[in-house]
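Enquirer: What follows is each chain in one-letter form.
There are 4 protein chains.
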Amino acid sequence: MADLTHGLSTAELTELTNRSIAAKETAYCPYSKFRVGCAILCNDGTWITGGNVENASYPVGICAERTALVKAISEGKRGFRALGVATDVKPPSSPCGMCRQFIREFADLNMPIFMYDIDGGYEVMTLGQLLPMSFGPDSLPPPSEMAKLSKE
Amino acid sequence: MADLTHGLSTAELTELTNRSIAAKETAYCPYSKFRVGCAILCNDGTWITGGNVENASYPVGICAERTALVKAISEGKRGFRALGVATDVKPPSSPCGMCRQFIREFADLNMPIFMYDIDGGYEVMTLGQLLPMSFGPDSLPPPSEMAKLSKE
Amino acid sequence: MADLTHGLSTAELTELTNRSIAAKETAYCPYSKFRVGCAILCNDGTWITGGNVENASYPVGICAERTALVKAISEGKRGFRALGVATDVKPPSSPCGMCRQFIREFADLNMPIFMYDIDGGYEVMTLGQLLPMSFGPDSLPPPSEMAKLSKE
Amino acid sequence: MADLTHGLSTAELTELTNRSIAAKETAYCPYSKFRVGCAILCNDGTWITGGNVENASYPVGICAERTALVKAISEGKRGFRALGVATDVKPPSSPCGMCRQFIREFADLNMPIFMYDIDGGYEVMTLGQLLPMSFGPDSLPPPSEMAKLSKE
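Order-wise, the sequence lines are chains A, B, C and D.
Just so we're aligned, residue 1 is where the first sequence starts under the UniProt record's numbering, counting upward by one.
Just so we're aligned, residue 1 is where the second sequence starts under the UniProt record's numbering, counting upward by one.
Just so we're aligned, residue 1 is where the third sequence starts under the UniProt record's numbering, counting upward by one.
Just so we're aligned, residue 1 is where the fourth sequence starts under the UniProt record's numbering, counting upward by one.
Read the hints as simulated data drawn from the structure, not as lab findings.
Do not rely on the hints blindly, as some may be mistaken.
Which copy is meant is left open, so a pair is good if it fits within one copy or across any two.
As the list claims (entries may be wrong) - Taking lysine-lysine and the BS3-like style, the derived pairs with C-alpha atoms no more than 27 Å apart in a straight line are:
#1 90 x 77
#2 77 x 148
#3 151 x 90
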């Protein structure tokens, strides 16, 4: 039987749920009205949260998952135990592909991503399941090496 | 046994390979030197290709897959049979998460994505395999509906 | 008196206007309903057009100006005489900052950008006026040089 | 004579300088090696900082200015007195167009942006000077209104 808590304690899972849902209140989404909240549990036990931040030029906005993770990275956090994302719909929404890619740079493929629906119910998948055969840091040789390969 | 051609004829698969690889020549990648070429076979039998186009401000660049697909969309193409992506590395690179999301808007989940390595060998996965449990057009209710849900 | 045609002939300006407005028809904008069309006159006399292409994950979309220009670049075009952008509002909309940055990579600072309102009236500014003190290819030393600078 | 401090006290300007430069240490930029630090002085007197966070898929990265501002917004900050951005080059780098657009959503056009070079010298321009004739929240009518306009 699959471990739906992915190693989180009951208290941690409850806190992930509550913080993800509460983070929806920090969303700035006047265009889509689609509030998204995200909470991240760092390896050091701290929590980081964020909401989506939209822009009049839609492609310039930043999703909730990237808001929370870029905060964590810029505060020196490395290593993450779980990420939660909450929306106002049901079934729950998953991180978009761009966010999966952003998370990929910093999280292990087995990090669980909990997706909460409007009633607090959730589905959970690992990053590796959500972004199989991913393009990550190891996929990109340095420019000096690529310059040689492209000329062969 | 899996059908590794996903319904493409031998001639079509050869052309997808050749066009994807040739499209690397159209890449503008002075920063990464990581050339990527992409070819798309449209339902109407036409082909659209593109390369990655980078920018001094890295986040402003556009990957090869999005270059090719945005060309197709802006030329009125709808419905796609296959997408190929070629790089100068081995094993082959996959589309990044942002490109998977961009493709998701317009392609069926069972559309095959052929990923070519520097020697022309390939791996193939469907869009649905590369972006499981995806966030697509059906996941996003209109703003008027979301405004109500977020207040409940 | 300022030259409002920036060296374009009357016929060229008329064609830029007509093509920019017509390109609105190619927009895919189910979320904003904000249609944008763009036309580019290349140095070789050819024209390239595009519309905005949105995505359910708003930040993944591509604006009309980038659609048209990435098409041009991937088709080998270099050197541009003028860019036109048309919307359904009045006064006319300008390119967003992200598009100005994308254009900056490939166009001279004195390239004119014609912005058409819903009635076909326009305002015109050069790229350099729209993106002063810009961050361009010359602003970014190669990684090998930056690695040294950051350690000093 | 222009007021090069834009209303900041000497102490505030010194702190903006120091915090912007210090924020470079938080950058994650293994690809460009181009470290950028950003500090924002909020109307409530608090400071928010951030560095650039790159991604193996270059377009998925987030610049320092957006890192700092999205942090501020997600923490409920509204109203900003000044933004500083520091790099390891000289003359100083300016925010890219995408960042100018992101800032535009939340800052007054007369907010000063201080750009620091590697020696701590700076140039300063207002947001309105860096992004003239900008596309902002007021430029985008709601989808319901746009749907009507596009059919006229």
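Enquirer: Next, verify each hint and record whether it holds.
Expert: So, going through the hints one by one against the coordinates:
no.	hint	result
1	90 x 77	neither (31 Å within a copy, 30 Å between copies)
2	77 x 148	between (35 Å within a copy, 25 Å between copies)
3	151 x 90	between (51 Å within a copy, 15 Å between copies)
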